[in-house]
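> Letter by letter, the chains look like this.
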Amino acid sequence: MPGIVGAAPALHTARRMQARDSGDDETDEALMLAWQAGDASAFDLVYERHRGGVFRYLLRHCRDRATAEELHQDVWLKLIAARASFDAAARFSTWLYAVARNRMIDHWRMSRGHRHVSFDDDGEGDAIGETIEDSNPAMNPQGAANALQECALLVAALGTLPAAQRDAFLLHVEGGLGVGEIAALTAAPAETIKSRLRYAYRRLRAALGDPA
Amino acid sequence: MNEEMPGTGSVDQEVNRRWREQSSEQPSGLLDDRIRAAARQAIANRDAQGGAARRSSRWTRFVPLTAAASVALLAVGLVRLIPREEYQASPGPDVARQGEARVPASRAPAEAELPADQATEPSSVPPLLPAGRPDAEARNGESMARRDRAHLTELLRAPALEQESGRADEPVTHTDTSDRNLTPQTTAQPSEAFGVAPRSNVTAPAAASAAISEGVRRSSTDALAPAIPAALAAQVRGDAAHRTGADPASIRIIAVESTAWPDAALGCDPRREHAQEALVPGYVVTVEAPGTTLRYHTDDRDRIAVCGDE
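In order, the protein sequence lines correspond to chains R and F. At position 173 of the first sequence (counting the first as 1) the number is 173 in this note's numbering, and the numbers step up by one without a gap. Throughout, this note's numbering is defined as the position within the second sequence, counted from one, plus 212.
Same shape as in the complex, but just chain F (with noise of 0.2 Å):
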């Protein structure tokens, strides 16, 4: 089939040369003008948002850095904040002996062979304590050797004051104060001089807690016991010996466990135990009287009490 192709021919040549000489129509110059001022319109709409396209971003390529640093500096505001506030909220003597407080005391002998960067961290401490924070960890750490080396001063030269003077505000002593070699349960980095673990119930030295008291029998616990103030043990006997009658020379305190309350009930009141109160440090003092034993809860100063179920 060699048919010719339409529009091809000469002939039909001859019908496009004389279409296009009479077809010559063209649009109006105003038509044309407004058709290309829209299309210079476009490009320029175009370039302007592109334009700012690339302004924003060249923004938007800070925008995690400054959400990061945000973050960075809310976090930062935050860990500063709360713990001041505790403080101030707390009567205790720190937060570093709050946190310490905490630890129960049967988990003492597992954390006492914690490394010494991991047993100086108090595994219950309040959940905005600056933990990771190296100058605030610094900052406690230089709090609780202060702290442990005034207590140690005093541990270490009651025996003599407590026979002489009996004062009230004392520590219970060491009996033998040349035994200053006083190895830590713990390795406490700040008061490692001291042979003091500062941050731990499970801190105190066997020979220091030998000499809590003149009436402090050892027990399983006992190498692990806090020294308490003898004006609270005296307290602690002297209501030992009247609940039970007995002659006050013959109740012996058997263990002392520090702790931090939940309360100012110093724990006796269930109801309040998840009251948003400060911590009050103190101690599980145990007692034995002739016939029965008793279990004191006290703060770390004047305060005892026993509750109504021990």
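Same shape as in the complex, but just chain R (with noise of 0.2 Å):
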């Protein structure tokens, strides 16, 4: 996980593509910068390092390929045209998926065939599943029993949790963000970051066949 860089400066290229070869030396915010100063294969490092994690979040998030595919594509152009606007100060990873969070807001926004979906429900049966239930036959408790044969239980079971839940869970395991990270991405207290992560490993833990 990359980790918090100071001031990083513009790494030399030869080094960079040393360290490409060696593993994650360089910080994605000197990555980043070295981009804003006009090294191109620096943003290939850093897309290479979370080009999986975005897609999956918004994937978990839409449940369609496709549509996660474009939604994708919309957060990295849209951090491609704001790059000027990266602070190295800030965590790299907080504010890409910080936008993707919001990219995802706005598709459910313009979605029709979601009634309501909010990241700040966290009751039990919240307005995502209802709206997951909705828009996917799959996903209600039979098509679920079904997933959980035909995929991923994990990832049939993350699909039953509430959006807020889910979103904490994602934001964790696939953008590597810590409590407090997560907690100043949504504007929600820690506390409430922890109480959904708790609610989402013990969904998970059960659907796995751990009651603990």
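Please note that a few of the clues may not be correct.
Claimed, not checked - Derived coverage of chain F by chain R (criterion: at least 3 residues anywhere in the stretch with Cβ under 8 Å from a Cβ of chain R; other residues may be distant):
(1) 218 to 228
(2) 246 to 255
(3) 474 to 483
Keep in mind that the hints were calculated from the coordinates and are not lab data. For every residue, glycine included, the Cβ atom is placed at its ideal position computed from N, Cα and C.
Mind assembling these two chains? They're in different frames, but the hints should get you there.
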């Protein structure tokens, strides 16, 4: 997981290429600064690190691959366009997932298939659950059972979570964000985020057969 | 409260591990290529814009200099063009004379006390005259010097000529040709050697002004009065005699002031005061006849007029 960087200078391309070969030597923030300075290869590294996480974050929320790809492209294009506003003092992944989350919210607002979607609803069987049932028959209890058989168990279990819990879980697992970062990103208290994560993990453990 | 952080316990770690095993979807390669291309294009566009900006800034550095040069060229062009037009429009001898003639006589004493470099500057020089141009000044100075030199030469040798031939085009002459040390009232540099300051109506030397004509009587302004051509003086006297019925011999010119009339009517037509006409150099000649005083407006050759209100 990329660490927080302070003042990140533009790095030499050769060193960056070496880092590409050796692993994650450079932080996302340093790569972003290098890209801002004109090093196109720096973006490729950043994108390679986060492309899967962002895509799955969107896919688990919207549950449609084509839509997820469309949203994924929008997120990165928005990030490219707003590169000048990136502040190296902030963590890149927090910024990236804030963009992705906002794009997701916009998608839900514009989507007619969803009656009501809110990341702030923590209730059991909340609006997102209802929405999923309305928009995706496979996610009703019977469909979910089939999904459990046919698809990945945890992925199906995640779909039964309230949107806020699912969002916290995805930001934590796919985005690698900590409780504090999720709290800042979602403008919710850290304790609320912890609570959401606890509920999410409990549900997923149950799906795995662990009642604890 | 030692509650374990969610996602960090061993059970939650197992959930995380199982999650990563099952959740491995990736965006398509086509989408990846599109996004990477967009990123490269953004950098390329930025570089292109930056290059254009740099090229632009390279040129914009010279904009102030170019503007200043343009203004300077324009100013020089105007300065060179406009006086030439005035020269052509004016039938007078030269612009310097016009400028000098427009200085009111009443201001003469005060200006006579100015330093030489200021006193030689006509205070009412037409606005676009090259007041600040040394070359123009030099030319004007030389022109005036030539005029004054010729004028003074004529002045100094005129008595005999006037008495002998009475030539109409000769200026009124000095009676004492030995008085060559004509101290100017102002110290105009170009004509200093000749004792005549060229560029002011206050420049006629006292000795020379005493000899304007045989009939000129010194007045308070006589010492400053310039000479007028003898023919003009005779014309004025004759007209005055005709108007008053007096003997021409009794007509006396008591004051002469050089001036520049704003129009061809010699300042006698107030309706033409503001007309855009060339200045007409001339004189205000005050004549005393028995029982009356007449004030003539003349040009510097042969035109005279008595305005209705004078």
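> Now, for every hint given, state plainly whether the structure supports it.
Evaluation of the provided hints:
1. 218 to 228: holds (count 7)
2. 246 to 255: holds (count 8)
3. 474 to 483: Violated: only 0 residues of the region 474 to 483 of chain F have a Cβ under 8 Å from chain R.
Checked against the numbered hints given earlier, the structure breaks only hint 3 and satisfies all the rest.
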